[in-house]
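All chains should be modelled from the sequences, with the hints used to inform the complete structure.
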Amino acid sequence: MVCWLLASTANAEVEVRDFDSLTERERYRALIEELRCPQCQNQNLAASDAPIAQDLRAEVLRLLREGRSDREIIDHLVARYGDFVRYRPAWQPSTYLLWGAPGLLLLVAAGAWLWVLRRQRRQRIELGPEQRATLDRLLDDERQQR
Amino acid sequence: MERLKLFVPLLIFLVLALVLYFGLGRDPRALPSALVDRPLPPFSLPVLEGDAVVDESLLHGKVRLLNVWGTWCVACRDEHPFLLELANRGVAIVGLNYKDDPDAARAWLARLGDPFEAVVVDAAGRYGLELGVYGAPETYVVDADGVIRYRHVGVIDADVWRDRIEPVYRSWVIPQ
Amino acid sequence: MTPEYGHFALILAACLSLALGVVPLLGATFGRPLWQATARPLALGQLALVAFSFICLAAAFARDDFSVAYVAANSNRLLPWYYKLSAVWGAHEGSLLLWVLVLSGWTAAVAVAGRNLPPALLARVVAVMGLIAAGFHLFLLLTSNPFERVLPIPPADGADLNPLLQDFGLIVHPPLLYMGYVGLSVPFAFAIAALLAGRLDTAWARWMRPWTNVAWAFLTLGIALGSWWAYYELGWGGWWFWDPVENASFMPWLLGTALVHSLAVTEKRGLLRGWTLLLAIFAFALSLLGTFLVRSGVLTSVHAFAADPTRGVFVLGFLGLVVGGSLLLYGFRAPTVPAVAGFGWRSREAWLLANNALLVVITGVILLGTLYPLLADVLGWGKISVGPPYFNSFFVPLTLALAVLLGVGALLQWKDTAPRRLRSALILALVVALPVGGLLPWVWGSWRWGAALGLFGAVWIGVLTAIDLWRKSRASGRPWRGLRLLRAGYWGMVIAHLGVALAIAGAGVTTSYSVERDLRMVSGDRQKLGGFEFHFMGVDEVFGPNYRSQRGEIHVTREGRGVATLMPEKRRYLGGQVMTEAGIDGGLTRDLYVALGEPLGAEAWAVRLHVKPGVRWIWLGSALIALGGVVAVCDRRYRSRVRATARTAALAEA
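Protein chains in written order, with the working numbering: chain A, 56 to 201; chain B, 35 to 210; chain C, 574 to 1227.
Just so you know, not all the hints are guaranteed correct.
Away from chain A, derived, C-beta distances all over 10 angstroms, residues of chain B [said to hold, decoys possible]:
no.: 1; residue: G159
no.: 2; residue: L163
no.: 3; residue: L165
no.: 4; residue: E200
no.: 5; residue: W206
Here are some chain B residues pointing at chain C (derived, C-beta under 10 angstroms) [unchecked claim]:
no.: 6; residue: Y55
no.: 7; residue: A64
no.: 8; residue: P66
no.: 9; residue: P73
Per label pair, the in silico range of CB-to-CB distance [stated by the list, open to error]:
no.: 10; chain 1: B; residue 1: R145; chain 2: C; residue 2: R1121; range: 57 to 65 angstroms
no.: 11; chain 1: B; residue 1: D135; chain 2: C; residue 2: G1148; range: 26 to 34 angstroms
no.: 12; chain 1: B; residue 1: D61; chain 2: A; residue 2: R126; range: 29 to 37 angstroms
no.: 13; chain 1: C; residue 1: H1128; chain 2: A; residue 2: R126; range: 41 to 49 angstroms
FYI, nobody ran anything at the bench for these hints, they're computed from the structure.
Quick reminder that beta carbons are idealized off the backbone N, C-alpha and C, glycines included.
Shown next, in the form of structure tokens:
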């Protein structure tokens, strides 16, 4: 059992902060939505009111004000808390499958679609010899009737 | 051949079921430390007793446990008797008093016993962030060179010690 | 004694479901009509028993019978009566009982309404549903008994219902969702019955369609309601988080959508029989997978029930048996020779197939993203999180592609479409949609891609649907007469597709143009946001039946005229939990959303203000989609009475 520093239910905490600029505010928002709270039940830093989330939000703001880039801030937290805190998985060997598979899946699906279509088209155009004979006979009958 | 292709969905499902089956044994909430096999981040913090300021060399020289605790943490109280027992057995434990009031911490230890070689005070919790602490109690196994070798999140009791922490601890003890 | 009666009824129901699973099936296999005929009475009997059991549990809640462990864990003397009743499905055991109740309901409905089906087919379908029910009965009785007693000393009062669940959403969301989840077992049962019978002509597709549509419509509503509930309950204005439990409900919906469209091709043209069967199996399989994910503790989620690996093992075993068995059957019995009807690429068949392909890809991506943390952990790759940035990166472009296909596909005809007609319609749609997508975003502020693409997709669909409607109505002379002659199936499609358009527009606009601000406000403060002015009037203390609340009052004006008064609350419940109730003014074009934070001393409060344009369109669009699905079922060809009277009329004339 771990003492989760009085973590409560999923309730967004309203935090009043002063920002130096609009960009700063937007970068802050984007970062805390992309970072995961290490101890919560699948919440980002923005949504959680757990104390660790509060601390990490303050840390993100501090690093922002220090002039770090978004990527540096995320790396800073990953170095301490692991890949777990990134909601956008990094591009690394353990995630090649994750980022690559959707594209592959799309290619396979598109290929399958084309294949089915081509099969249908081929069968539409080709007539077997018997069918061709029947067709000829029918056309002859019609010509004779006119 | 055509017939065989129709069993592909079954194959896919079996792989999925296998993954799920193995997943049942794992704890999705357990987070291993990102600092395993890396040196302790540097710090410069006061100790609980006296006015000295220490740094990470406090944990050099032999293998130790670093225990993160606070008086506000109910589970830390549960864990405390076992820490005393470990200390009695000769296990060196350094405490990190995390986001706490030093006076309350001193009173707490006076009342319940002090298993710690020394207690570092991290009142603001900044060092905890460096370590990747997200809740107390947490315990790190730090080797003689100050490198973190293991982290346990949660209460340490006899079973946890014997099954998980002790093997790591023993493997880093330098023979005298 | 009532809980014991309920428990006993459940045991009896389990026995009936076992009989239901075996006897009619044997009757169909060996051609014994009497055994086949047991399907209906057994199904009705199961429903009666499960309903009785459910009523017993509800009675235990209504009477505050805290000797029942489940009641003690989820209720409280001071809980309002409507929450006491909905608390029945507030946690794992009770929600499973609801699952079984809904399943019994669907089984009985099929048994009764399927009177026109060939008896052997009906027997097989109902038997398969009975087998599924038997599995869930066993799960309930062996691992999750809601009637467990707390002995010898029952608590004097219960732990309260989680305050997050003390909400209207709890009353409607789970039942609607389960109607959908469980309803997908009907097409599943039909597919299995068809495979078992070896009858793969397409009559079963026609029988399956109305049931699939209704189940899918319920699922649509259930998911939309869940999204809406999260929006107003959780306090920070989000409406979809790609949480594993949300994904677990979304994946069966996606495959259900693919199934609804695939059935159209199979019924109309006799094609894609094997594919439709596979979709029916996988749609329900994902339903079961969802049940597994939510209750086994394998994934972390705010929505998950308390985790228990033993339950997880049971559900996984059940899942393996049902899905593995079905796929095995599929491998042996599905048609290997594809039906061929010859269609070109400019045909409805081709584009419905493309729609299916895209939906399957989307489902695959969501499945991968949801299970990847588990996979990575099992393979020793460490703990990885996969969240909204990943899902959105793929979902947004794929959905836009789907929207484009949707617009075109509705215009196409079976087998082939004249290129000129197609081209003129597409050009018109482009001419209207591009400017709208390019210019309309300026209404809300600076140009944003999200809104532009969303609006483009929506207008694209809208224009092409309108063109098709116009053409079809003109086909029989005067326009109004033409419209009246259009079948319910067609109207259903139109409504549902317009719903999709609206939802896409809403998602695009709200993601791009929602604004929010966290501030410190004192009584009398004003703040401008998103074209509105928010005037903070102060905070009052109010008391509810089981909570104490600080309630704020905020007047919102626009250009001097009053627009709304919002009353956000911060409630403290008996158990100590603190909940935020947002103050929301919902409108057709925008939502005004205010949440109260903590008091900041000296009469000041932390307040969060949101202006969210277009967010209601998402749920309105979803409601339209569900409506479309139901309207389509009202089509004449599904009404047996009409067919019967037509036949007798024809006979009389002869």
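Consistency of the hints with the structure:
Listed as outside the interface, B:G159 is inconsistent with that label: its C-beta sits roughly 6 angstroms from the nearest C-beta of chain A, within the 10 angstroms cut-off. Residue-level check failed: B:L163 sits 6 angstroms from the nearest beta carbon of chain A, not beyond 10 angstroms. For B:L165, the condition that its CB be more than 10 angstroms from all CB atoms of chain A is violated, with the nearest at approximately 7 angstroms. Once the 10 angstroms rule is applied to beta carbons, B:E200 is consistent with being away from chain A; the minimum gap is 20 angstroms.
Remark: the non-interface label on B:W206 is consistent with the geometry, its nearest Cβ contact in chain A lying 22 angstroms away (cut-off 10 angstroms). Look at B:Y55: its Cβ gets to within about 6 angstroms of chain C, closer than 10 angstroms, so that hint holds up. At its closest, the beta carbon of B:A64 sits 8 angstroms from a beta carbon of chain C; the interface hint therefore holds under the 10 angstroms criterion. With its C-beta approaching chain C no nearer than about 7 angstroms, B:P66 sits inside the 10 angstroms limit, and its interface hint holds.
Below 10 angstroms, beta-carbon pairs count as interface contacts, and B:P73 has none with chain C, the closest being about 20 angstroms; its hint is therefore violated. Our hint of 57 to 65 angstroms for B:R145 and C:R1121 is violated, since their Cβ atoms are close to 35 angstroms apart. Here the CB-CB span from B:D135 to C:G1148 is close to 28 angstroms, well matched to the stated 26 to 34 angstroms. Between B:D61 and A:R126 the CB atoms are about 30 angstroms apart, so this pair conforms to the stated range of 29 to 37 angstroms.
For C:H1128 and A:R126, the hinted distance range of 41 to 49 angstroms is satisfied, since their beta carbons lie about 43 angstroms from each other.
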